[in-house]
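Add chain B to chain A, keeping to what the hints say.
Here is how the chains run, residue by residue.
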Amino acid sequence: MTADVSRPAVVVLDYGSGNVRSAVRALERAGASVTLTADRATAMDADGLVVPGVGAFASCVAGLRAANGHEVIGRRLAGGRAVLGICVGMQVLFAHGVEHGQDTPGLDEWPGVVERLQAPVVPHMGWNSVEAPAGSTLFRGVEADRFYFVHSYGVRDFTLQTKGRTRAPLVTWAEHGGDRFVAAVENGPLSATQFHPEKSGDAGAALLRNWVESL
Amino acid sequence: MSLAVRVIACLDVDEGRVVKGVNFQQLRDAGDPVELAKVYDAEGADELTFLDISASHQARKTTMEIVSSTAEQVFIPLTVGGGVSSVDDVDRLLRAGADKVAVNTAAINRPELVAEVADRFGSQVLVLSVDARRAPGTDSGFEVTTHGGRRSAGVDAVAWAARVADLGAGEILLNGMDADGTRDGFDLDLIRLVREAVTIPVVASGGAGRLEHFPPAVDAGADAVLAATVFHFGTLRVGEVKQRLAEAGSAVRS
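First to last, the protein sequences are chains A and B. If you read the first sequence in the working numbering, its first letter stands for residue 1, the second for the next number, and so on. If you read the second sequence in the working numbering, its first letter stands for residue 216, the second for the next number, and so on.
So that you can see chain A by itself, here it is in the shape it has in the complex (with noise of 0.2 Å):
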């Protein structure tokens, strides 16, 4: 058993998101040292910051916002810093969602639009492939592994404009029932899954230790 201290400290965001304990005793496993918290200060010093999320787009933003979130978030990438967001906490990160015909702001940190999936059935729920691109740090050893899924909304179009020597984002996509959605983003020191890796038994295991090694 290795010390605590050589453990990477990870905090998952405390922000009233659903059943957390899964993630945290999922990162445990996955060799971190975790605190659940709001805490600013926290949540700022950690080496990994994961932003979990379930329900509605918009009362996630809102729960984010309120709890100050969305800036502890920028704050991080800003200066380099490991971030991780689930299910509905990669979905806050794009630039809007829509839903019931209501359009709401999110984190902006990429851009594109959540919207419903297009599959003669939704929720999206279950184990799915994935197909990672190559040089995945995520995805490394568990690329032809299922994961597992629960959403209705997704990204559908991902495009990122970069430029000179800015490396391009690592996307991976899922299909279910004729629509192509995101399944995984790997940005710098910005990561995120619409899957639940926390769920995903020894596939998503090895996915978070791979994140958890690479901070």
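Just so you know, the hints here were simulated from the structure itself, not pulled from any lab data. It should be emphasised that the depicted structure is a prediction, and the values quoted were computed from it without experimental measurement. A couple of the hints might just be wrong.
To be verified - Cut-off 20 Å, straight-line C-alpha distance, at most; resulting in silico cross-link-like pairs (DMTMM-like, lysine to aspartate or glutamate): (1) B/K253 to A/E109; (2) B/K276 to B/E331; (3) B/K276 to B/D304; (4) B/K253 to B/E280; (5) B/K276 to B/E287; (6) B/K253 to A/D202.
Same frame as chain A, now just chain B:
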């Protein structure tokens, strides 16, 4: 490249103990839901469902502890149902570590509960459990029942499924009460009718007895298959079911 058909193992839990648990070789305590959940996980179950049949409020608290303990040790989705009748009940279970909550009778008594839960926590947490039986004279030929299939709720089962989907349910857990316990196979007509009526996932439950019963349920439109008894008694193993589904052409998680 497509979504895998889910195989869900269901545990009936009473006062924190598994009802009618089988003594698997690798189990230290066959009555411990957490131990059994770990076995099902190791065997490849895609999800777990705990159905709490405890009668008392006090016993339900024990279930909360079981849910927490499972969520901290088993990293696949966990649905919990049984006696859920309010938004507060749902909140408590989600906080304890459930990913989804199954609602049954309470939604029949007060359909607004479906919308209240969906608005507060999102559709994805809400599994609407429908206990349906054949009833000549109804529009679809099936009606909703309560009390373990013994009493009619006076509602057409297919119309009810469509209604709760509109109200915001994220998934239908479809229990064929005529088939339940018979081990003669799923009620395929029921699955087909509900599949045509809703665009949310449908979980087929009730009647599984042999491996060959599973592929027809998927062909009839089920997105997932759930069984309790055959897994409890070790009649069938989760891995065998997935293998049979794969042989029949379904995508499964290996």
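Cross-check of the supplied hints:
no., hint, result
1, B/K253 to A/E109, "39 Å, violated"
2, B/K276 to B/E331, "23 Å, violated"
3, B/K276 to B/D304, "11 Å, holds"
4, B/K253 to B/E280, "16 Å, holds"
5, B/K276 to B/E287, "17 Å, holds"
6, B/K253 to A/D202, "13 Å, holds"
Consistency note: the structure conflicts with the earlier hints numbered 1 and 2.
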